[in-house]
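**Student:** When we follow the working numbering, the leftmost residue of the sequence shown carries the number 97, and every step to the right adds one.
Treat the hints as calculated values from the structure; they're not laboratory data.
No experiment lies behind these values; they were computed from the predicted model shown.
Treat each hint with caution, since some may be false.
Unchecked claim - Calculated cross-link-like contacts (lysine-lysine; reagent style DSSO-like; alpha-carbon spacing at most 27 angstroms): (1) Lys226 with Lys258; (2) Lys243 with Lys231; (3) Lys234 with Lys201; (4) Lys226 with Lys186; (5) Lys201 with Lys186; (6) Lys231 with Lys201; (7) Lys201 with Lys226; (8) Lys159 with Lys226; (9) Lys197 with Lys241; (10) Lys197 with Lys226; (11) Lys241 with Lys231; (12) Lys201 with Lys243; (13) Lys163 with Lys201; (14) Lys234 with Lys197; (15) Lys258 with Lys241.
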Amino acid sequence: MPKKNNDTLKRVLIVSSGLVFLALMVVVPTLGLWKNNNSNSPQGNQPGQEATIPPEKLAEMVKGYEKILEREPDNPTALQGLAQARLQLKDFIGAREPLEKLYQKYPDNLEVMLVLYGTRLQTQDVSGAKSLLEKLVKNYPQEPKFKEELTRLNQAIAAASKQQPPEPKK
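Model the full structure from these sequences, guided by the hints.
**Tutor:** Structural data, given as C-alpha coordinates:
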(Lines of atoms letter the chains of each structure in order from A and count residues from 1; the text may use other names and numbers.)
(Lines give C-alpha, C1' and ligand atoms only; values in the text may rest on other atoms or scores of the structure.)
Protein backbone atom coordinates (compact mmCIF):
# COMPACT_ATOMS: atom_id res chain seq x y z
CA MET A 1 0.00 0.00 0.00
CA PRO A 2 2.81 2.53 0.74
CA LYS A 3 4.04 2.02 -2.82
CA LYS A 4 0.71 3.27 -4.16
CA ASN A 5 0.90 6.38 -1.99
CA ASN A 6 4.46 7.06 -3.11
CA ASP A 7 3.30 6.76 -6.71
CA THR A 8 0.49 9.21 -6.00
CA LEU A 9 2.95 11.62 -4.40
CA LYS A 10 5.21 11.38 -7.42
CA ARG A 11 2.31 11.96 -9.79
CA VAL A 12 1.13 15.04 -7.91
CA LEU A 13 4.63 16.49 -7.88
CA ILE A 14 5.25 15.68 -11.53
CA VAL A 15 1.95 17.16 -12.68
CA SER A 16 2.34 20.30 -10.58
CA SER A 17 5.97 20.77 -11.61
CA GLY A 18 5.06 20.25 -15.24
CA LEU A 19 2.34 22.88 -15.06
CA VAL A 20 4.64 25.31 -13.30
CA PHE A 21 7.41 24.69 -15.79
CA LEU A 22 5.08 25.29 -18.73
CA ALA A 23 3.84 28.48 -17.11
CA LEU A 24 7.41 29.66 -16.63
CA MET A 25 8.28 28.88 -20.20
CA VAL A 26 5.65 31.45 -21.12
CA VAL A 27 6.90 34.02 -18.58
CA VAL A 28 10.63 33.77 -19.28
CA PRO A 29 10.51 34.62 -23.00
CA THR A 30 8.45 37.69 -22.22
CA LEU A 31 11.17 38.82 -19.84
CA GLY A 32 13.73 38.49 -22.63
CA LEU A 33 16.30 36.23 -20.95
CA TRP A 34 16.74 33.84 -23.82
CA LYS A 35 16.64 36.24 -26.77
CA ASN A 36 17.15 34.66 -30.13
CA ASN A 37 20.59 35.68 -31.42
CA ASN A 38 19.40 35.91 -35.02
CA SER A 39 16.34 38.05 -34.31
CA ASN A 40 17.93 40.89 -36.31
CA SER A 41 18.41 38.73 -39.38
CA PRO A 42 16.10 39.26 -42.35
CA GLN A 43 14.94 35.65 -41.98
CA GLY A 44 14.01 36.12 -38.31
CA ASN A 45 11.11 34.22 -36.86
CA GLN A 46 7.58 35.44 -37.23
CA PRO A 47 5.74 36.30 -34.01
CA GLY A 48 4.45 33.18 -32.31
CA GLN A 49 6.92 30.99 -34.17
CA GLU A 50 9.66 29.27 -32.15
CA ALA A 51 13.16 28.75 -33.47
CA THR A 52 13.89 25.07 -33.79
CA ILE A 53 17.51 24.08 -33.79
CA PRO A 54 18.29 20.50 -34.79
CA PRO A 55 19.49 18.35 -31.86
CA GLU A 56 22.80 17.72 -33.63
CA LYS A 57 23.47 21.46 -33.79
CA LEU A 58 22.47 21.85 -30.14
CA ALA A 59 24.88 19.05 -29.17
CA GLU A 60 27.67 20.89 -31.03
CA MET A 61 26.75 24.08 -29.22
CA VAL A 62 26.90 22.27 -25.87
CA LYS A 63 30.41 21.00 -26.67
CA GLY A 64 31.50 24.48 -27.70
CA TYR A 65 30.20 26.07 -24.52
CA GLU A 66 31.81 23.31 -22.44
CA LYS A 67 35.19 24.04 -24.08
CA ILE A 68 34.83 27.72 -23.29
CA LEU A 69 33.93 26.90 -19.69
CA GLU A 70 37.04 24.72 -19.35
CA ARG A 71 39.11 27.86 -20.00
CA GLU A 72 36.76 30.34 -18.30
CA PRO A 73 34.62 28.51 -15.72
CA ASP A 74 32.67 31.63 -14.74
CA ASN A 75 31.97 33.03 -18.21
CA PRO A 76 28.32 34.15 -17.91
CA THR A 77 27.68 34.09 -21.65
CA ALA A 78 28.92 30.52 -21.94
CA LEU A 79 27.00 29.47 -18.82
CA GLN A 80 23.81 30.96 -20.22
CA GLY A 81 24.39 29.44 -23.66
CA LEU A 82 25.11 26.01 -22.18
CA ALA A 83 21.99 26.16 -20.01
CA GLN A 84 19.86 27.30 -22.94
CA ALA A 85 21.15 24.57 -25.26
CA ARG A 86 20.64 21.87 -22.64
CA LEU A 87 17.13 23.12 -21.89
CA GLN A 88 16.29 22.94 -25.59
CA LEU A 89 17.60 19.38 -25.58
CA LYS A 90 15.30 18.71 -22.57
CA ASP A 91 18.41 17.92 -20.48
CA PHE A 92 17.10 19.54 -17.31
CA ILE A 93 19.64 17.84 -15.06
CA GLY A 94 22.50 19.03 -17.26
CA ALA A 95 21.09 22.56 -17.38
CA ARG A 96 21.04 22.85 -13.60
CA GLU A 97 24.80 23.15 -13.11
CA PRO A 98 25.29 26.24 -15.30
CA LEU A 99 22.05 27.75 -13.97
CA GLU A 100 23.19 27.22 -10.38
CA LYS A 101 26.50 28.95 -11.20
CA LEU A 102 24.64 31.85 -12.80
CA TYR A 103 22.43 32.07 -9.73
CA GLN A 104 25.50 32.16 -7.46
CA LYS A 105 26.97 34.98 -9.56
CA TYR A 106 23.69 36.87 -9.92
CA PRO A 107 21.49 35.88 -6.96
CA ASP A 108 18.95 38.64 -7.59
CA ASN A 109 18.59 38.16 -11.35
CA LEU A 110 14.89 37.54 -11.93
CA GLU A 111 15.31 35.67 -15.19
CA VAL A 112 17.94 33.31 -13.81
CA MET A 113 15.78 32.66 -10.75
CA LEU A 114 12.73 31.84 -12.87
CA VAL A 115 14.53 29.44 -15.18
CA LEU A 116 16.33 27.79 -12.25
CA TYR A 117 13.00 27.45 -10.43
CA GLY A 118 11.46 25.62 -13.38
CA THR A 119 14.53 23.45 -13.78
CA ARG A 120 14.56 22.51 -10.10
CA LEU A 121 10.93 21.45 -10.38
CA GLN A 122 11.66 19.40 -13.48
CA THR A 123 14.45 17.61 -11.64
CA GLN A 124 12.19 16.88 -8.63
CA ASP A 125 14.05 19.32 -6.32
CA VAL A 126 10.85 20.62 -4.74
CA SER A 127 12.51 22.07 -1.64
CA GLY A 128 15.05 23.95 -3.76
CA ALA A 129 12.30 25.25 -6.01
CA LYS A 130 10.25 26.31 -3.00
CA SER A 131 13.15 28.26 -1.49
CA LEU A 132 13.66 30.10 -4.79
CA LEU A 133 9.97 30.87 -5.02
CA GLU A 134 9.98 32.18 -1.44
CA LYS A 135 12.85 34.50 -2.39
CA LEU A 136 10.90 35.68 -5.45
CA VAL A 137 7.87 36.47 -3.27
CA LYS A 138 10.10 38.38 -0.83
CA ASN A 139 12.01 40.31 -3.53
CA TYR A 140 9.00 41.03 -5.76
CA PRO A 141 6.00 41.59 -3.46
CA GLN A 142 4.30 43.57 -6.22
CA GLU A 143 4.09 40.42 -8.38
CA PRO A 144 1.02 38.43 -7.32
CA LYS A 145 1.95 35.59 -9.69
CA PHE A 146 4.83 34.55 -7.46
CA LYS A 147 2.65 34.46 -4.34
CA GLU A 148 -0.03 32.50 -6.22
CA GLU A 149 2.57 30.03 -7.47
CA LEU A 150 3.96 29.58 -3.96
CA THR A 151 0.44 28.90 -2.69
CA ARG A 152 -0.11 26.29 -5.43
CA LEU A 153 3.23 24.65 -4.71
CA ASN A 154 2.51 24.52 -0.97
CA GLN A 155 -0.92 23.03 -1.68
CA ALA A 156 0.62 20.38 -3.93
CA ILE A 157 3.20 19.54 -1.27
CA ALA A 158 0.50 19.36 1.43
CA ALA A 159 -1.73 17.18 -0.75
CA ALA A 160 1.15 14.86 -1.52
CA SER A 161 2.14 14.58 2.14
CA LYS A 162 -1.46 13.81 3.18
CA GLN A 163 -1.59 10.97 0.69
CA GLN A 164 1.63 9.51 2.02
CA PRO A 165 0.97 7.38 5.10
CA PRO A 166 3.15 7.84 8.19
CA GLU A 167 6.08 5.52 8.56
CA PRO A 168 5.15 2.33 10.43
CA LYS A 169 6.59 2.18 13.94
CA LYS A 170 8.99 -0.65 14.61
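**Student:** Determine for every hint whether it applies to the structure shown.
**Tutor:** How the hints compare with the structure:
1. Lys226 with Lys258: holds, 18 angstroms
2. Lys243 with Lys231: holds, 10 angstroms
3. Lys234 with Lys201: Answer holds: Lys234 to Lys201 is near 19 angstroms, not above 27 angstroms.
4. Lys226 with Lys186: With a Cα-Cα distance of about 22 angstroms, the restraint between Lys226 and Lys186 holds, given a limit of 27 angstroms.
5. Lys201 with Lys186: At roughly 24 angstroms apart (the allowed maximum being 27 angstroms), Lys186 and Lys201 satisfy the hint.
6. Lys231 with Lys201: holds, 16 angstroms
7. Lys201 with Lys226: Holds. Lys201 to Lys226 sits at ~20 angstroms (cutoff 27 angstroms).
8. Lys159 with Lys226: violated, 32 angstroms
9. Lys197 with Lys241: holds, 25 angstroms
10. Lys197 with Lys226: holds, 18 angstroms
11. Lys241 with Lys231: holds, 13 angstroms
12. Lys201 with Lys243: holds, 25 angstroms
13. Lys163 with Lys201: holds, 20 angstroms
14. Lys234 with Lys197: Satisfied, since the Cα-Cα distance of roughly 22 angstroms is no more than 27 angstroms.
15. Lys258 with Lys241: Roughly 26 angstroms between the alpha carbons, so the hint for Lys258 and Lys241 holds.
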